[in-house]
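Novice: Sequence:
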Amino acid sequence: MQRRDFLKLSAATGTVSCVTACGSKSNDEPVPTIPEVAEVETLSACEANCAATCAFKVISQDGVLKRVEQENFYEDGFDIRQHRPCAKGLAAFQKIYSPDRIQNPLKRVGPRGYKDSYVEISWDQAFDEIAEKLTAIYDNYGPRAVLNGGGSNYGGSHSGFWVTNLLSAAGGCITTFGAMSFAQVARIMGHVFGGFDAERDFSSVVEMQNSDFILSFGFNPLETAANGSGMGFEYNHVVDGKPLIIFDPRYTDSCLGREQEFHFVRPGTDAALIEGMAYHLIENNLINETYLREKCYGFFAEDEMVSPHDSDRVLPAVSEEDSYRGHILGLKDGIAKTPAWAAKISGVPESTIKSTAEKLAAAKSPFVVAGWGMQRQFTGEDNVRSVTTLALMVGAVGNRGNSTGELPDSKGYLYPIPPLVANPIACAVPVHGWPRLIREGETMTVLKDNIRIADDDLDANGDGVIGQNTKAIFVRGGNPFNQQCDSMKIRELLTDPAEVELIVTIDTHLTPSMYVNDYILPDSTMYEREDFPATNMDNGAMGFLIATQGIPPIGNVKSTFEICLEIAKKMGIDELYSSGCSNDEEALVATYNFTRMIRPDLHPYMPETWAEMKEKQMVKWARPVEDTDESARWHVGYWDYVQYGTEPLNTPTGKIDIYSHDLQEYSEKSEIPEYWPKNSGGYINATPKFMIGPESYLDSSETLDEFPLQLCGYHTKAQVHTQYQSTWVKEAMNPAAWVNPIDAAARSIVSGDMIEIESPRGKTQVEAKVTPRVMQGVVALGQGLKFNPEGGVCKGGSSNTLTSHDYSSPVDKACGVATCRINIRKL
Numbered sequence: 001m002q003r004r005d006f007l008k009l010s011a012a013t014g015t016v017s018c019v020t021a022c023g024s025k026s027n028d029e030p031v032p033t034i035p036e037v038a039e040v041e042t043l044s045a046c047e048a049n050c051a052a053t054c055a056f057k058v059i060s061q062d063g064v065l066k067r068v069e070q071e072n073f074y075e076d077g078f079d080i081r082q083h084r085p086c087a088k089g090l091a092a093f094q095k096i097y098s099p100d101r102i103q104n105p106l107k108r109v110g111p112r113g114y115k116d117s118y119v120e121i122s123w124d125q126a127f128d129e130i131a132e133k134l135t136a137i138y139d140n141y142g143p144r145a146v147l148n149g150g151g152s153n154y155g156g157s158h159s160g161f162w163v164t165n166l167l168s169a170a171g172g173c174i175t176t177f178g179a180m181s182f183a184q185v186a187r188i189m190g191h192v193f194g195g196f197d198a199e200r201d202f203s204s205v206v207e208m209q210n211s212d213f214i215l216s217f218g219f220n221p222l223e224t225a226a227n228g229s230g231m232g233f234e235y236n237h238v239v240d241g242k243p244l245i246i247f248d249p250r251y252t253d254s255c256l257g258r259e260q261e262f263h264f265v266r267p268g269t270d271a272a273l274i275e276g277m278a279y280h281l282i283e284n285n286l287i288n289e290t291y292l293r294e295k296c297y298g299f300f301a302e303d304e305m306v307s308p309h310d311s312d313r314v315l316p317a318v319s320e321e322d323s324y325r326g327h328i329l330g331l332k333d334g335i336a337k338t339p340a341w342a343a344k345i346s347g348v349p350e351s352t353i354k355s356t357a358e359k360l361a362a363a364k365s366p367f368v369v370a371g372w373g374m375q376r377q378f379t380g381e382d383n384v385r386s387v388t389t390l391a392l393m394v395g396a397v398g399n400r401g402n403s404t405g406e407l408p409d410s411k412g413y414l415y416p417i418p419p420l421v422a423n424p425i426a427c428a429v430p431v432h433g434w435p436r437l438i439r440e441g442e443t444m445t446v447l448k449d450n451i452r453i454a455d456d457d458l459d460a461n462g463d464g465v466i467g468q469n470t471k472a473i474f475v476r477g478g479n480p481f482n483q484q485c486d487s488m489k490i491r492e493l494l495t496d497p498a499e500v501e502l503i504v505t506i507d508t509h510l511t512p513s514m515y516v517n518d519y520i521l522p523d524s525t526m527y528e529r530e531d532f533p534a535t536n537m538d539n540g541a542m543g544f545l546i547a548t549q550g551i552p553p554i555g556n557v558k559s560t561f562e563i564c565l566e567i568a569k570k571m572g573i574d575e576l577y578s579s580g581c582s583n584d585e586e587a588l589v590a591t592y593n594f595t596r597m598i599r600p601d602l603h604p605y606m607p608e609t610w611a612e613m614k615e616k617q618m619v620k621w622a623r624p625v626e627d628t629d630e631s632a633r634w635h636v637g638y639w640d641y642v643q644y645g646t647e648p649l650n651t652p653t654g655k656i657d658i659y660s661h662d663l664q665e666y667s668e669k670s671e672i673p674e675y676w677p678k679n680s681g682g683y684i685n686a687t688p689k690f691m692i693g694p695e696s697y698l699d700s701s702e703t704l705d706e707f708p709l710q711l712c713g714y715h716t717k718a719q720v721h722t723q724y725q726s727t728w729v730k731e732a733m734n735p736a737a738w739v740n741p742i743d744a745a746a747r748s749i750v751s752g753d754m755i756e757i758e759s760p761r762g763k764t765q766v767e768a769k770v771t772p773r774v775m776q777g778v779v780a781l782g783q784g785l786k787f788n789p790e791g792g793v794c795k796g797g798s799s800n801t802l803t804s805h806d807y808s809s810p811v812d813k814a815c816g817v818a819t820c821r822i823n824i825r826k827l
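For the sequence shown, counting from 1, position 529 maps to 529 in the UniProt record's numbering; every step adds exactly one.
Calculated from the structure, these hints are not laboratory results.
Treat the hints with care, since some could be wrong.
[To be verified] In the BS3-like style, the derived pairs of lysine-lysine whose C-alpha atoms are separated by at most 30 Å in a straight line are:
{"no.": "1", "residue 1": "K242", "residue 2": "K411"}
{"no.": "2", "residue 1": "K786", "residue 2": "K678"}
{"no.": "3", "residue 1": "K359", "residue 2": "K242"}
{"no.": "4", "residue 1": "K730", "residue 2": "K786"}
{"no.": "5", "residue 1": "K359", "residue 2": "K344"}
{"no.": "6", "residue 1": "K107", "residue 2": "K133"}
{"no.": "7", "residue 1": "K107", "residue 2": "K570"}
Please put together the full structure from these sequences, using the hints given.
Specialist: As structure tokens, this is what we get:
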């Protein structure tokens with residue numbers, strides 16, 4: 001028996017009592033032939049939070065997965081293509097039959113924080129006890145004591161939206177907003193272009209077809225989007241042969257000979273690098289002055305003006321020294337941001353800074369792009385805003401072949417939403433900030449912590465307070481403290497039931513976060529259900545919809561809809577919660593109908609009924625790059641504003657705000673926290689600036705003397721957060737820490753050695769990979785490895801054992817998980 005077949009048998013039966021090859025008694029009686037069960041082919045999807053949602057065929061036999069294959073709906077091409085599973089999708093078998101699968105409800109009976117503190121219970125017991133405890137918390141503390149900890153919302157009946165509906169129907173809850181992945185860029189781009197979060201405009205990767213020069217700052221789609229059909233696929237096809245310059249602390253898989261030039265840059269210094277380029281552009285008259293004056297605001301000095309959106313709002317004049325040009329020339333601080341100045345900070349040679357600026361200015365249609373890693377620095381808002389400003393200086397936003405300076409994205413993606421129950425309380429915290437609710441909720445404020453509360457609760461200065469610590473946390477499909485900064489601290493916060501009295505998680509697999517839970521409730525995996533998943537979040541040229549069938553579910557599991565419905569029944573709120581749905585099929589129909597109602601743009605592709613969608617299984621349509629306004633609006637961010645300018649942007653000035661009056665006013669109301677370096681050079685800035693953030697390369701705090709290296713976290717192609725860390729994937733793509741040969745030699749480290757990485761907060765252990773593909777002074781460690789604390793040290797290699805939760809970015813108060821000083825030693 002092959003090892004793989006043995007694993008399949010083990011997974012399917014739950015146990016194998018004996019495998020024997022001898023000692024049996026011979027028997028001449030004929031053994032009856034058992035007819036082989038036919039294979040069944042269904043359509044499923046990998047909804048792994050890498051943003052792609054790839055469909056594929058699931059081949060099962062007698063309810064057990066045999067293999068996955070690429071789907072073959074429609075002819076294969078570029079604009080309409082067939083999905084091909086990546087390494088993660090091909091590991092579906094190990095995900096489904098993982099020993100970490102939760103197959104029955106679990107209750108904590110021992111102390112929090114330990115794997116052996118749980119016993120299996122019945123669903124009825126779980127529903128009764130959770131409903132009773134949740135009701136008591138509402139009665140004793142009120143709705144602001146209940147936190148909806150979020151998680152995945154990728155399906156119909158298996159969606160975190162049903163948890164939201166449950167808690168809203170129960171009296172309301174605090175929610176989270178933003179994302180650990182992109183909170184800073186989503187906030188700061190709203191101040192530049194006037195569209196916050198999902199309202200902002202994007203260019204697509206496929207628009208690179210119209211570019212004659214690509215300038216990349218940490219953009220790495222072939223690892224972060226290493227899927228079989230999305231952004232990585234498109235990038236690999238459209239970038240071929242084009243002039244491409246890449247700046248990154250790692251030589252990533254998005255390079256590998258595709259680039260004409262690659263240059264290392266120190267983590268967190270992109271803004272300084274760009275300011276050096278900006279100085280060279282200004283000094284050599286290489287800027288697009290007409291574009292900067294007509295389409296933008298604040299590059300030059302500006303006169304007093306009345307806002308086009310509010311006749312009562314007079315915007316004060318911007319002096320020459322306060323303009324972006326004045327900042328670059330050093331008119332206020334006396335420091336000219338020359339290429340030589342930038343070279344010392346960034347590690348990029350002065351000659352490279354000058355030549356890159358000249359190539360950018362000479363291009364007719366440059367595509368200037370930034371990955372999300374730089375906006376996960378503590379100074380990330382100004383890092384990514386600087387990239388956009390560099391593109392604006394040469395008029396490279398809003399034309400064919402242009403980006404907006406930030407990560408490309410897919411417009412018009414589908415995100416299934418059921419009918420929602422209104423939350424009676426308007427109160428939310430940044431997703432990075434929820435752990436502070438446990439002990440500091442009573443004092444968290446709008447200005448200090450970027451919380452959101454109802455206008456009626458704000459004072460004259462626009463400030464307000466939550467006024468209540470968290471007492472209950474619900475999570476669906478998430479792994480919050482593995483994916484939050486400073487995992488050791490968050491674990492300590494959650495181990496005392498006197499602080500948080502009830503923690504409930506709905507999920508498919510045991511995760512490190514669950515060992516502080518009071519109840520763990522099992523849902524089915526994405527491969528085992530009929531569903532309507534989110535799609536097209538990572539495709540520029542193709543739109544698609546999927547109705548999945550999958551294989552029969554494993555174990556005593558229920559859908560998120562059904563779990564929340566049964567709790568709602570116990571609390572007497574099931575009618576409000578359910579919107580009239582009594583089972584998964586009805587919940588799925590309601591989700592499909594509601595989503596179709598709020599998305600009229602998808603009516604040409606979405607069949608009128610869920611039954612018709614199920615019959616079709618998949619619908620695809622092309623969004624080709626063509627020489628038309630319709631195509632340009634789809635693939636070029638801010639096309640109409642730049643080309644036609646008939647409507648002002650939703651910024652205070654109606655233009656692209658390089659200088660932001662809103663940020664200037666926010667700065668005047670805000671206090672600089674004590675942890676912010678005294679020599680930073682800024683905090684909340686009206687124009688983008690390079691700043692020295694906490695634990696960055698130039699932070700000279702004495703407490704950092706023992707931590708001379710910088711940690712560079714990144715998303716690997718081997719996993720999505722903690723998902724898919726199976727034996728097969730690890731064998732194919734070893735999750736080791738990258739160490740530069742010079743740094744390794746100084747510590748007698750060679751590839752394959754186990755090393756300990758230490759920061760001011762904690763220690764984690766992982767294998768070392770010595771490689772020149774990472775910059776000297778930098779250690780690169782993929783995020784998402786499982787938090788496994790033993791004796792105060794993480795044995796699982798989790799990078800968030802090292803990162804800081806006490807610090808946050810100036811504007812959005814978001815995480816700075818990509819800023820961390822460390823040291824390493826050989827074990």
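Novice: Against each hint, give a clear statement of whether it holds in the structure.
Specialist: Now the hints, each set against the structure:
1. Annotation: proposed proximity of K242 to K411 holds, straight-line Cα distance about 24 Å (limit 30 Å).
2. Of the supplied pair hints, the one linking K786 and K678 is violated, its CA atoms being roughly 35 Å apart against a limit of 30 Å.
3. Among the hinted pairs, K359 with K242 is consistent with the structure: their alpha-carbon atoms are about 13 Å apart, no more than 30 Å.
4. As the CA atoms of K730 and K786 are separated by approximately 13 Å, the hinted pair is consistent with the 30 Å bound.
5. Straight-line distance between C-alpha atoms of K359 and K344 comes to about 22 Å, which keeps the hinted pair within the 30 Å bound.
6. Of the supplied pair hints, the one linking K107 and K133 holds, its CA atoms being roughly 13 Å apart against a limit of 30 Å.
7. Between the alpha carbons of K107 and K570 the distance comes to roughly 18 Å, so the proposed pair stays at or under 30 Å and holds.
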